[in-house]
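Peer 1: Keeping the supplied structure of chain B fixed, place chain S upon it in accordance with the hints.
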Amino acid sequence: MEQDNAVTIGKLIISNECMPPYTEANIVADRFLKSAHLDAVALVEGREPIGLVTRHKLLFKLFKRYGFELYGKKPIIALTDTEPLIIHKDERLDVAIDKALERQAQDAYDDIIIVDDNDCYKGLVSVKQMIIQQSNSLANIIIQKEMISAKVNELKKAELMKSQFVANVTHDLRSPVNVITVVAELLNLDSERNDIEGLKRHLSLLMSGATNLRALINNILDLSKIEAGKTEVLNENFDIVTMLREVGETTRILIGNKSVDVEVIAHDGPIFIDSDPVKVKQILTNLTSNAAKFTEKGKIVLSLAAEGNNLSISVSDTGTGIKEIDLNKLFQPFSQLDYTKSKKNEGTGLGLTIAENIVKLLGGSIRISSKFGVGTTFTVQLPINQSDKTNAKTSAEAISLHDIKTIVLTEHEESYGKG
Amino acid sequence: MEKVKKKILVVDDDERHLIATQEVLTNEGYEVFTYSWWLGVTNFVRRLQPDLILLDINMPALSGTGLSSLLLSNSGTKNIPIVFYSSNDEDSLRKTVSEYGARGYISKGNIYELKRKVAYYLDNNIQ
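Protein chains in written order, with the working numbering: chain B, 1 to 419; chain S, 420 to 546.
The set of hints was computed from the structure by calculation and includes no laboratory data. Predicted model only: the values in this text are computed from it and were never measured. Possibly wrong hints are sitting among the right ones.
Stated by the list, open to error - Pairs of lysine to any residue residues, derived as SDA-like cross-links and limited to a Cα-Cα distance of at most 25 Å, are as follows:
(1) B:Lys293 - S:Leu458
(2) B:Lys293 - B:Met207
(3) S:Lys514 - B:Lys200
(4) S:Lys534 - B:Ala210
(5) B:Lys329 - S:Lys536
(6) B:Lys128 - B:Asp98
(7) B:Lys329 - B:Met207
(8) B:Lys329 - S:Lys425
(9) B:Lys258 - S:Pro479
(10) S:Lys536 - B:Val177
(11) S:Lys534 - B:Ser208
(12) B:Lys200 - B:Asn257
(13) B:Lys323 - S:Lys534
(14) S:Lys425 - S:Ser455
(15) B:Lys89 - B:Cys120
(16) B:Lys293 - B:Gly198
(17) B:Lys156 - S:Thr515
(18) B:Lys162 - S:Lys534
(19) B:Lys162 - S:Pro479
Claimed, not checked - Chain S stretches covered by chain B per the calculated footprint, using a threshold of three residues with CB under 8 Å from any CB of chain B:
(20) 433-442
(21) 503-514
(22) 528-534
Note that CB positions come from ideal geometry on N, CA and C, so glycine has one too.
Isolated chain B (complex conformation) (with noise of 0.2 Å):
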């Protein structure tokens, strides 16, 4: 298996204990019993290491009967391995270890002298701490796999989300543009027979698949643009409320003729903030034109509050719901929903992705919450950044909930205020 580079045996370096080669045996016992972690010596002479005492060899023979008396006042050299594993310094960790388990079984876990590039005594390494960072280091290099096959996946998965949204994009843009051609072919031979009524019913055709193109064309375009971050952020001082209110208006007229009312609740009297108006405008038209497809009955909700530094937009309705396992599809490109799509509420599927993309470019977040067959509520909270206007209102606690006005508007588009 592949090593971590970075590892090489010098770096695992402990100690440097070293005794001149003639010490007497008893000494370098003492220095081990005062030293209850040392677990090995060099002998050195000069600078260059010839020998190597471990504890448990030195003391299993001084400690043997009469062994004190026989090997005591010996020169340590005279008891001690004097072939021990001499490895330099930049020697890698793997291969330490091989050369270190080679050895006899009685010397394999003696400690390795350490030596640099004139062969000079270094210090001493254990075997077991090296076996220690090797273990480490698999540990990394296997985490690291799993960081990369992790990517790749990631990768694998965005590559197939693309090929995804190509497929997508291309089928969605072949389809009106299909409608389009055939009915334009029915609009030919309804003129050549002077069929009035074919006309009319033709153009109609015509018209909704050109604006559906239109609709799609413009919203993969602003995805592009986002995507590739080419969209800019124009920051104007601008009245949320009187937006608010406009976009109120708007979702009004999407909704026709259902029995489905409007309300805006928010502060009577202007909010002006430093935000991208077109963007903003654009978030809320790309929410409130969902809740309109998709609520039959009931009503539209958009209100405004103030959380926090935020500012807190919501649109509720009381429409089809979304069931909470497809929550994290939803602005996902070209994700519209099973139960919700029919060409009645048809969309382009990128309404949702481009509006959660334009809150993030605005420094703000978007959330829902919402309940299958009972409605649903998306709440844009956006960074106040109030301007100074005068008579405007200056602080987070001045969008509160004080000197609210509801608006309503019916079905009839009449419109009248509640206190």
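Peer 2: Same frame as chain B, but now just chain S:
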């Protein structure tokens, strides 16, 4: 005696395609039925026993390919020829046809190809 009109069923979730296709094929002298929602479509096919089904592919809930498999595995509907009628690109349509055992495909958007191919598939209904 009046010639019995061939029955064609068009299944598509796009009402505009349904209306336009119905008009084109009705003008050709066929009896054209339309269905825009997957619910109950297999029963409808079983009762109607059309001579040809034009099936859109990209539909919500039950795709044209799924519906095709369902119809071809059902004893009451398996002998009815199915032709995919879609805005997908032709390469993908060719693959889909061989994969799902349909008789062929017709690309949406060409009124003349629609007429010609429908006539062809009706005249060449070989099991």
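Peer 1: Each hint should be assessed against the structure and marked as holding or not.
Peer 2: Cross-check of the supplied hints:
At roughly 21 Å between alpha-carbon atoms, lysine 293 of chain B and leucine 458 of chain S fall within 25 Å of each other, so this suggested pair holds. For the hint linking lysine 293 of chain B to methionine 207 of chain B, the alpha-carbon distance of about 19 Å falls within 25 Å, and the restraint holds. Using a Cα cut-off of 25 Å, the hinted pair lysine 514 of chain S and lysine 200 of chain B is violated, with the two alpha carbons roughly 39 Å apart. Taken as a hint, the lysine 534 of chain S and alanine 210 of chain B pair is honoured in the structure, with Cα atoms around 24 Å apart against an allowance of 25 Å.
With a C-alpha separation of about 38 Å, the suggested pairing of lysine 329 of chain B with lysine 536 of chain S is violated against the 25 Å cut-off. A C-alpha spacing of about 13 Å is found between lysine 128 of chain B and aspartate 98 of chain B, which places the hinted pair at or below 25 Å, so the restraint holds. Under the criterion of a C-alpha separation no larger than 25 Å, the hint pairing lysine 329 of chain B with methionine 207 of chain B is inconsistent with the structure, at around 31 Å. A distance of roughly 43 Å separates the Cα atoms of lysine 329 of chain B and lysine 425 of chain S; the hinted pair therefore is violated under the 25 Å criterion.
Straight-line distance between C-alpha atoms of lysine 258 of chain B and proline 479 of chain S comes to about 24 Å, which keeps the hinted pair within the 25 Å bound. Distance restraint check for lysine 536 of chain S and valine 177 of chain B: the Cα-Cα separation of roughly 20 Å lies within the 25 Å cut-off, and the hinted pair is therefore satisfied. Annotation: proposed proximity of lysine 534 of chain S to serine 208 of chain B holds, straight-line Cα distance about 24 Å (limit 25 Å). With a CA separation close to 22 Å, the supplied pair lysine 200 of chain B and asparagine 257 of chain B stays within the 25 Å bound.
Of the pairs offered as hints, the one joining lysine 323 of chain B and lysine 534 of chain S is violated, with about 42 Å between alpha carbons and a cut-off of 25 Å exceeded. For the suggested pair lysine 425 of chain S and serine 455 of chain S, the alpha carbons sit about 20 Å apart, so the restraint of at most 25 Å is met. Proposed proximity of lysine 89 of chain B and cysteine 120 of chain B is supported: the alpha carbons are some 10 Å apart, at most 25 Å. With a C-alpha separation of about 28 Å, the suggested pair lysine 293 of chain B and glycine 198 of chain B falls outside the 25 Å cut-off, and the hint is violated.
In summary, the hint linking lysine 156 of chain B to threonine 515 of chain S is supported, as the alpha carbons are separated by about 23 Å, within the 25 Å threshold. For the proposed pair lysine 162 of chain B and lysine 534 of chain S, the alpha carbon gap of about 35 Å is over 25 Å, so the pair is violated. Distance check on the hinted pair: lysine 162 of chain B and proline 479 of chain S sit about 20 Å apart at the alpha-carbon level, within 25 Å; holds. Figure legend: the region 433-442 of chain S, annotated as covered by chain B; annotation consistent (8 residues with Cβ-Cβ distances under 8 Å, at least 3 required).
Counting residues of the region 503-514 of chain S whose C-beta lies closer than 8 Å to any C-beta of chain B gives 5; at least three are required, and the coverage claim holds. Only when three residues or more bring their CB closer than 8 Å to a CB of chain B does the claim for the region 528-534 of chain S stand; here the count is 4, and the claim holds.
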